[in-house]
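Asker: Sequence:
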Amino acid sequence: KYESLLLGENTGGIAKEARAIAEELKADIENLRAIIIEIYTQGTGYRGGVDFNSSRSNTSI
Numbered sequence: 089k090y091e092s093l094l095l096g097e098n099t100g101g102i103a104k105e106a107r108a109i110a111e112e113l114k115a116d117i118e119n120l121r122a123i124i125i126e127i128y129t130q131g132t133g134y135r136g137g138v139d140f141n142s143s144r145s146n147t148s149i
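Counted from 1, the sequence shown has number 147 at position 59 by my numbering; the numbering is strictly sequential.
Rather than coming from a laboratory, the hints here were simulated on the basis of the structure. Treat the hints with caution; some may be incorrect.
[As the list claims (entries may be wrong)] Per label pair, the in silico range of CB-to-CB distance:
#1 I102 with A122: 40 to 48 Å
#2 Q130 with G101: 39 to 47 Å
#3 G101 with G131: 25 to 33 Å
#4 G131 with I102: 36 to 44 Å
#5 G131 with A103: 37 to 45 Å
#6 R107 with I127: 24 to 32 Å
#7 G101 with R121: 25 to 33 Å
Where a beta carbon is used, it is the ideal one built from N, C-alpha and C, also for glycine.
All chains, please: the whole structure from these sequences, using the hints.
Answerer: Right, here's the structure in full:
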């Protein structure tokens with residue numbers, strides 16, 4: 089599916105394919121983020137440190 093985009097085949101469907109790929113990537117990133125948070129909280133217990141739910145890192149000393 090990616091090869092046809094790179095080769096310029098099916099030019100009418102490129103935008104549609106690009107949106108579909110972006111949605112897949114978004115879902116994959118969200119799933120990976122959830123897995124990382126789960127591993128982090130199970131492995132160390134949340135004691136401050138990095139707040140993955142914030143756009144800023146909050147570190148505790």
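Asker: Decide, hint by hint, whether the structure agrees.
Answerer: Now for the hints, and whether the structure bears them out:
no.	hint	result
1	I102 with A122: 40 to 48 Å	30 Å, violated
2	Q130 with G101: 39 to 47 Å	42 Å, holds
3	G101 with G131: 25 to 33 Å	43 Å, violated
4	G131 with I102: 36 to 44 Å	42 Å, holds
5	G131 with A103: 37 to 45 Å	42 Å, holds
6	R107 with I127: 24 to 32 Å	31 Å, holds
7	G101 with R121: 25 to 33 Å	29 Å, holds
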